[in-house]
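A.B. asks: Work out the full structure, taking the sequences as your base and the hints as a guide.
From first to last, the protein sequence lines are chains A and B. Under the working numbering, think of the first position of the first sequence as 1, with each following residue one higher. Under the working numbering, think of the first position of the second sequence as 1, with each following residue one higher.
Rather than coming from a laboratory, the hints here were simulated on the basis of the structure. Do not rely on the hints blindly, as some may be mistaken.
Listed below are several chain B residues computed to face chain A (Cβ distance under 7 Å; list not exhaustive) [unchecked claim]:
id, residue
1, E32
2, L34
3, N38
4, I61
5, E63
6, G66
7, F270
8, Y271
Heads up, the beta-carbon is just placed ideally off N, CA and C, and yes, glycines get one too.
Next come the chains, spelled out residue by residue.
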Amino acid sequence: MFLKNIVVEKNKEVKSDHFIMSFKDKEIAEDVRKGQFVELKINDGLGNLLRKPISIHDVYENKVSLLYKVIGKGTKALSKYKKGEELSILGPLGNGFPNIADDKEILLVAGGIGFAPFSLIMREVKNWKLFYGFRDASEFLLEGATSDIHYENEQIFITTDNGSMGTKGFVTDKLEEYLRENSQNKIIFSCGPNIMMKKVAEIANQYNVVSYLSLEEYMGCGIGVCAGCVAKIKNPDKPDGWEFKKVCKDGPVFRGDEIIWD
Amino acid sequence: MGLNLKVNLGNIELQNPVMTASGTFGYGDEFEKLIDLNALGGISIKGTTLEERQGNPMPRIIETSGGMLNAIGFQNVGIDRFIKEKYPYLKKLKAKTFVNMTANTVEEFGVLAKKIDELDQIGGVEVNISCPNIKAGGINMGTDSKMAASVVREVKKNTSHHVMVKLTPNVTDIKVIAKAVEEAGADSISLINTLVGMAVDIKTRKSKIANVISGLSGPAVKPVAVKLIWEVVNTVKIPVVGIGGISTAEDALEFLIVGASAIQVGTANFYNPRATIEILEGLKSYMKENKINDINEVIGTFES
Ligand SMILES: Cc1cc2nc3c(=O)[nH]c(=O)nc-3n(C[C@H](O)[C@H](O)[C@H](O)COP(=O)(O)OP(=O)(O)OC[C@H]3O[C@@H](n4cnc5c(N)ncnc54)[C@H](O)[C@@H]3O)c2cc1C
Ligand SMILES: Cc1cc2nc3c(=O)[nH]c(=O)nc-3n(C[C@H](O)[C@H](O)[C@H](O)COP(=O)(O)O)c2cc1C
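C.D. replies: So, in structure tokens, the structure goes:
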């Protein structure tokens, strides 16, 4: 974990409201594990007080990149940063996704901007399939954001809400179709809206596949001191059979069968 | 000549006046990779209860203009696990540990104090009295001078450690509460705890925080805190520790000038994990620039 100022090298809109920011940093690049995130202190003079969590999208040589969607005041201000400007960064944080033996196929299930942490996995791991759902073709981030990663078309299953690309419908339906054919030697990594991931956990359970889900919560500190971002996780040693774990420190990645959804 | 940053809180000495505030610094170790913990004056740990607590449902925090609201609900490991798992690390530090604690009955405060009394290497206890008394219809003990005093007496009875009493700002007259806890035997007073607040999601028309009522902290509360500390300093003889929105040395100096003997940094630790160290450096620069050798020459020099 580092706390430092990085110099923005690139901050570019790749799809409407979706930006890629990159910077060079050897220490962070070498320290990163798949699925970890950083906390950015965005200064706009307008009271973006707390740091904002953003996943590490990709690392290539010493270049670290972040892929983010503008949804509010913090991400809006982030999109205004120019090349050469400094930004305080804390990270890499969290536990990330586990390392998986090569003989297992990793099924990456992404919803919208939840695609962000998967580039690094697609770059480093060979045996993967991507199930990728989003609203409209204009939000397809695989081209533009991650264009230099090599993959075969058969590795990718796309769904959109309006049918403008891939199949119209839910990405979880595609996942289920795939597992119905063959659920042997598979493992699921997922990131996206909670309703999608809840469904992913159900499907994983139904087909007896282990799943790892990256949860998103509003965060205060990013290092586990404020207890602002917690998730209900099974723990038979606790009186109620569960405990609140810190998404930033104990997560953001948890096993799907250990999460209790309220 | 070397600068003196040592300050006294009654019977205890801090190597400098910069402490961390409860609930914003965990148990210290979380910051070990980010700052030199041995450089701090003191560390107040996450509010500890008798039993381990899971806290409130989510969402628990939300950013506001210049601050944040929180309703964590005292998620903590409980006093026994604190003593076993966290204290061994803290006791080795030069920064003095203050065991912040809270309870829902006067008796429970006593039980906690007794357990803490056995720890020989702490600076003291910090008693967070702003919590509902479940034996008295849920009235907040920090807002009732009689109840506040009985908590302090119970804690004093059960420990010989320094007893710092943390006050809530959510009262009509802070002077009354301050006086009551001083008379009950408090060794020092710290304030402010968070200001109660609320935030509404205009789309759903529901509260942005599951608990509905939450506590405001951060830069937005600082002027309120300075004023309350000034009032308390003018009311009691025991030392006062200033808390509320401190994020820079300039902020800290305001509190020292109105009479705080030390300060605690809270929310600033979240957005600037190095805030405490930067404040310390800033205090030293201020002293050099103003040819002040002893930080105690700054404390209580407010010109009214
Ligand atoms: C571990 C982690 C990794 C993340 N990685 C990425 C990433 O790679 N790319 C990316 O674009 N985003 C990512 N996010 C989400 C990102 O942190 C939020 O979009 C950002 O903090 C929003 O800040 P803002 O100031 O723009 O929005 P605000 O102005 O604060 O909020 C705008 C709206 O969004 C809601 N909102 C804001 N934050 C959250 C949240 N965390 N959960 C639910 N609702 C929220 C608010 O309630 C409000 O309605 C990640 C979040 C986490 C926890
Ligand atoms: C997330 C959070 C958790 C807190 N938890 C506690 C606590 O457990 N006990 C306590 O006495 N104060 C607690 N506080 C209050 C702080 O210690 C401090 O009094 C208050 O936040 C004002 O200072 P600040 O503006 O510098 O944060 C908490 C504050 C925050 C923001």
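A.B. asks: Next step is simple, just say for each hint if it's right about the structure.
C.D. replies: Against the structure, the hints come out as follows:
At its closest, the beta carbon of E32 of chain B sits 10 Å from a beta carbon of chain A; the interface hint therefore is violated under the 7 Å criterion. For L34 of chain B, the suggested interface contact is upheld, since its CB lies about 5 Å from the closest CB of chain A, less than 7 Å. Taking 7 Å as the C-beta cut-off, the interface hint given for N38 of chain B is violated, the closest approach to chain A being about 18 Å. Hint status for I61 of chain B relative to chain A: holds, with the closest Cβ pair at about 4 Å, below 7 Å.
The restraint placing E63 of chain B at the interface with chain A holds, with a minimum CB-CB distance near 5 Å, inside the 7 Å limit. Hint on G66 of chain B holds. Least Cβ distance to chain A is approximately 5 Å, under the 7 Å limit. Given hint, F270 of chain B at the interface with chain A, holds; its Cβ is 4 Å from that chain's nearest Cβ, closer than 7 Å. Annotation: Y271 of chain B was flagged as interfacial toward chain A, and the flag holds, the nearest CB pair being 6 Å apart, inside 7 Å.
The structure does not agree with the numbered hints 1, 3 stated previously, though it agrees with the rest.
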